[in-house]
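**Q** Here's the letter readout for the chains.
Number of protein chains: 2
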Amino acid sequence: MTDTTLDYAVLTDPARLDETLARATAAARALRTIPDDVRAGYLDAVADALDAARDELVAIATRETHLAEARLEGEVARTSGQLRLLAGVVREGSYLEAILDAAAPSATPPRPDLRRMLIPLGPIVNFAASNFPFAFSVAGGDTAAAWAAGCPVIVKAHSGHRELSRRTAEVVTAALAEADAPDGMFILAEGREVATALVAHPAIKAGSFTGSVAGGRALFDIASSRPDPIPFYGELGSVNPVVIAPLAASRRAQELAEGLAGSFTLGSGQFCTKPGIVFVPSGSDIAERAAAAVGEPEPANLLTPSIADAFRDGWAELSALPGVDVVSAATAGVDGVTPGIVRVDVEAFLTEPRLREEIFGPATLLVEYGDLAAAVEAVDVIEGSLTGTVHADDDDDIAGVVAALSERVGRLLFGGWPTGVAVTWSQQHGGPWPATTSIFTSVGATAVRRFQRPLALQSAPASQLPPALQDDNPWGIPRRVDGVLVAGAPR
Amino acid sequence: MTDTTLDYAVLTDPARLDETLARATAAARALRTIPDDVRAGYLDAVADALDAARDELVAIATRETHLAEARLEGEVARTSGQLRLLAGVVREGSYLEAILDAAAPSATPPRPDLRRMLIPLGPIVNFAASNFPFAFSVAGGDTAAAWAAGCPVIVKAHSGHRELSRRTAEVVTAALAEADAPDGMFILAEGREVATALVAHPAIKAGSFTGSVAGGRALFDIASSRPDPIPFYGELGSVNPVVIAPLAASRRAQELAEGLAGSFTLGSGQFCTKPGIVFVPSGSDIAERAAAAVGEPEPANLLTPSIADAFRDGWAELSALPGVDVVSAATAGVDGVTPGIVRVDVEAFLTEPRLREEIFGPATLLVEYGDLAAAVEAVDVIEGSLTGTVHADDDDDIAGVVAALSERVGRLLFGGWPTGVAVTWSQQHGGPWPATTSIFTSVGATAVRRFQRPLALQSAPASQLPPALQDDNPWGIPRRVDGVLVAGAPR
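Going line by line, the protein sequences match chains G and W.
According to this note's numbering, the first sequence holds residues 1 to 491 in order.
According to this note's numbering, the second sequence holds residues 1 to 491 in order.
Careful, some of the hints might be misleading.
[Stated by the list, open to error] Between beta-carbon pairs, the in silico distance windows are:
(1) G:R354 / W:E19: 28 to 38 Å
(2) G:G74 / W:Q464: 24 to 34 Å
(3) W:D325 / G:A102: 34 to 44 Å
[What the hints assert, rightly or not] Just a few of them, taken from the derived set where beta-carbon distance is under 7 Å, the chain G residues facing chain W:
(4) I99
(5) A103
(6) R111
(7) D113
(8) L114
(9) R116
(10) R162
(11) R166
(12) D228
(13) F414
(14) T424
(15) Q458
Derived from the structure by calculation, the hints contain no laboratory data.
Heads up, the beta-carbon is just placed ideally off N, CA and C, and yes, glycines get one too.
Hey, can you work out the whole structure from these sequences and the hints?
**A** So this is what it looks like as structure tokens:
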């Protein structure tokens with residue numbers, strides 16, 4: 001089937017939930033019998049289809065999200081790239097965590113033949129984010145990871161880019177159909193009522209979400225309070241603390257100010273990794289230099305009217321808090337928003353919890369510290385974040401800062417800025433609450449593990465063993481055999 | 001310090017929670033700086049100390065739990081064995097999941113140097129179980145797994161073996177002190193009030209539990225509804241379905257009946273893997289043969305009076321349900337309990353949910369099916385279990401049964417009986433709700449992953465890299481480097 005104008009059926013009616021999820025459950029069973037390399041081919045097929053439809057999709061996205069065309073084109077490439085990365089992860093086979101232990105009849109007690117691998121959880125509901133209309137949306141990272149695990153996905157579309165979601169869903173559905181993937185492996189859903197019903201439905205085995213703390217927490221609570229609780233992987237809020245050490249601050253103020261200005265205004269500050277809290281030595285002029293580097297840009301529209309409202313309100317509250325010095329005032333009007341920078345001293349920061357809350361959009365808070373011990377104390381009161389960053393020269397003593405940030409973040413940067421998340425084997429995009437609700441990443445190769453669970457087969461006859469656990473390792477995957485890790489033989 | 005009669009401080013007073021957990025938090029930080037092979041030595045030291053104290057501990061356990069001495073001696077060996085297995089897991093190093101991706105400055109977008117490993121979550125609270133006073137108690141599997149991950153452990157003692165718990169804690173504390181382990185790496189707690197306060201306390205980063213569905217669910221709900229939810233790994237309830245296929249049933253009735261009789265009465269039926277629901281072909285006399293094999297044993301005391309009460313009430317309800325045929329009546333009196341076997345047909349099983357509930361103790365339910373399709377339909381209404389078992393001859397057609405059980409269990413046995421859980425790399429002791437609340441195992445090498453989270457270091461200078469992520473791999477652990485899994489070099 002190559003007709004990408006098919007009449008795509010979107011799940012909008014809660015009354016159709018059972019029948020729709022029956023399709024997903026049937027797909028989950030079908031996927032269990034399909035070889036890994038065939039399933040990897042589905043991900044490649046979707047990647048190719050997205051690339052082929054790039055111009056059409058970007059045109060819709062530009063209109064719906066106000067994001068720049070070049071950024072959106074890059075995001076399509078990232079999205080197809082992560083589908084291909086995860087297809088490669090599936091083919092490589094380590095993700096199955098295959099372990100074989102031979103029987104030990106003479107052990108005390110005797111041990112049976114036991115072989116363990118990870119299997120897919122079953123149908124997943126994935127809530128699309130507003131700020132990455134491709135990479136964290138319909139065919140984004142969570143969808144790719146669930147497919148890589150062998151799970152069907154029901155995507156709850158984000159209302160901020162509804163037309164793009166539907167059109168992407170058509171492209172995805174056509175690509176999967178052409179690749180002969182099982183019906184029900186991908187389903188698009190819309191609407192709040194359907195969304196919450198999905199999380200509560202017995203056929204759904206896990207959920208993933210990228211968005212606000214309030215929204216994610218509400219869904220997490222539904223998932224956790226089911227009669228049969230399910231994992232709910234939320235990526236919620238993150239202030240991404242940055243610590244600029246004294247010597248680096250004094251020697252490289254201009255470079256650091258420019259880097260900060262570029263990072264907190266990138267995409268109008270609408271990244272989960274935006275540097276929201278920046279510790280600088282007292283008396284540093286990095287705030288003023290950053291304000292100068294930002295200049296007076298044209299107002300930019302944020303992703304949705306509600307995000308713009310939240311930015312305006314958040315900025316108004318932040319800039320009016322006691323002790324807050326407005327270095328450069330943000331504006332929020334009908335034409336859009338402009339960036340803002342505020343500054344407090346570390347004592348105010350330690351006493352006022354509202355200074356530690358994320359503001360989604362182009363604003364950042366500089367916190368002046370007396371010495372790094374005070375900065376460490378302040379880092380210790382910040383909630384979990386996706387990232388933490390240290391800017392230091394070789395002769396800055398950052399041991400305490402590194403230890404404190406390590407306890408609070410999922411990715412620790414030495415230099416550079418946190419915006420920009422490489423999709424790789426080693427990436428970690430997640431951290432202690434509220435950065436995420438889980439002990440996993442939502443980006444990169446290991447994101448797949450969220451949608452798997454172990455199954456051990458005891459004393460299984462050869463005829464009952466899946467390829468990953470057969471004696472002769474027909475897929476050539478890495479396995480642990482009798483305690484020893486054995487590298488795979490590439491196919 | 002070799003004095004095992006030290007005055008061990010047990011946490012019983014909620015007012016002392018903060019100061020006690022400050023010790024655990026300090027221990028967590030100390031553990032981050034201690035090399036893996038040193039920490040592995042702590043586990044070995046505790047294992048040696050338990051073995052050395054075996055006779056004294058078993059004498060206490062026999063008195064407190066009514067379990068047989070030989071069984072308890074074996075359980076001490078299992079407990080020290082799993083500490084040593086996990087020490088080996090730490091030394092082998094795969095558990096760190098180290099991944100190194102070199103910088104790719106010419107990629108689009110450019111990729112930084114990124115290195116990821118798993119780090120310990122922090123202080124863990126572990127709720128001891130009643131039915132394994134060693135292997136799932138003070139120094140049991142969850143404690144060992146948390147230590148292996150690098151986490152301090154606060155164990156909530158089970159009131160069913162309080163003296164044993166305190167004495168074991170003394171042995172553990174002395175062994176850790178002699179090995180120069182950080183203070184606060186192990187703490188014993190008692191009492192319901194302290195227990196729930198621990199799960200809610202900000203210093204606690206995860207919980208583990210083995211016990212009843214009601215108790216585990218209550219703690220899971222506390223953990224999930226914290227301002228900052230934490231993972232709570234509960235191993236709760238399991239009926240462990242067994243399907244005996246028609247040809248196996250007709251050809252091997254006596255062998256299967258004897259195996260069933262041995263398995264469901266083992267340890268007076270007080271195993272989470274007890275076969276509680278057994279599907280047999282209509283007209284099979286396996287139930288009668290099993291009753292004959294059980295014979296008329298002396299009454300046995302269950303672990304605690306409340307477990308005995310629950311068994312008596314559960315048996316009374318089960319045996320009075322419509323359609324239930326009592327093949328062999330259990331008894332529950334002041335002298336203890338005796339085993340019981342009941343039987344229903346599959347139609348009754350499909351309509352009466354109370355037939356599918358776990359009864360902890362020596363009782364099992366045989367369900368008669370007309371054909372295997374009916375057995376599959378019945379398996380599909382059972383909740384998640386730790387194990388599922390198929391007894392089949394080569395010419396039995398079990399494809400449907402295997403598929404249905406695979407969706408519902410964590411360990412699938414082909415022949416044999418589910419009681420008896422080997423502690424190995426490949427073991428899986430966990431399954432869909434209510435077998436566990438998680439996608440992990442609580443037994444075996446991979447149990448460690450529950451107490452870790454990923455941390456990625458971006459562009460870190462060599463001086464900031466932990467050994468597991470250094471270029472020259474000083475610990476010789478298996479790592480993934482630029483996408484390729486590289487086996488470790490044993491030290």
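**Q** Could you run down the list of hints and mark each one as holding or not?
**A** Now for the hints, and whether the structure bears them out:
Between R354 (chain G) and E19 (chain W) the beta carbon distance is about 30 Å. The supplied range of 28 to 38 Å therefore holds. In this structure the hint that G74 (chain G) and Q464 (chain W) lie 24 to 34 Å apart at CB holds, the actual value being about 30 Å. In this structure, D325 (chain W) and A102 (chain G) meet the distance hint of 34 to 44 Å, their C-beta atoms being roughly 42 Å apart. For I99 (chain G), the interface hint holds, since its Cβ comes within 7 Å of a Cβ in chain W; the closest pair sits about 4 Å apart.
Interface restraint check: A103 (chain G) against chain W, minimum CB-CB distance 10 Å, threshold 7 Å, status violated. For R111 (chain G), the interface hint holds, since its Cβ comes within 7 Å of a Cβ in chain W; the closest pair sits about 4 Å apart. The beta carbon of D113 (chain G) is not positioned within 7 Å of any beta carbon in chain W (closest approach about 9 Å), and the interface hint is therefore violated. Evaluation of the L114 (chain G) hint against chain W yields a held restraint, the C-beta minimum of about 5 Å falling below 7 Å.
Interface hint at R116 (chain G): satisfied, since its Cβ lies 4 Å from the closest Cβ of chain W, which is below the 7 Å cut-off. For R162 (chain G), the interface hint is violated, since its Cβ never comes within 7 Å of a Cβ in chain W; the closest pair sits about 28 Å apart. Annotation: R166 (chain G) was flagged as interfacial toward chain W, and the flag is violated, the nearest CB pair being 29 Å apart, outside 7 Å. Hint status for D228 (chain G) relative to chain W: holds, with the closest Cβ pair at about 4 Å, below 7 Å.
Checking F414 (chain G) against chain W: minimum C-beta separation of about 5 Å stays under 7 Å; hint holds. The beta carbon of T424 (chain G) is positioned within 7 Å of a beta carbon in chain W (closest approach about 5 Å), and the interface hint is therefore held. Look at Q458 (chain G): its Cβ gets to within about 4 Å of chain W, closer than 7 Å, so that hint holds up.
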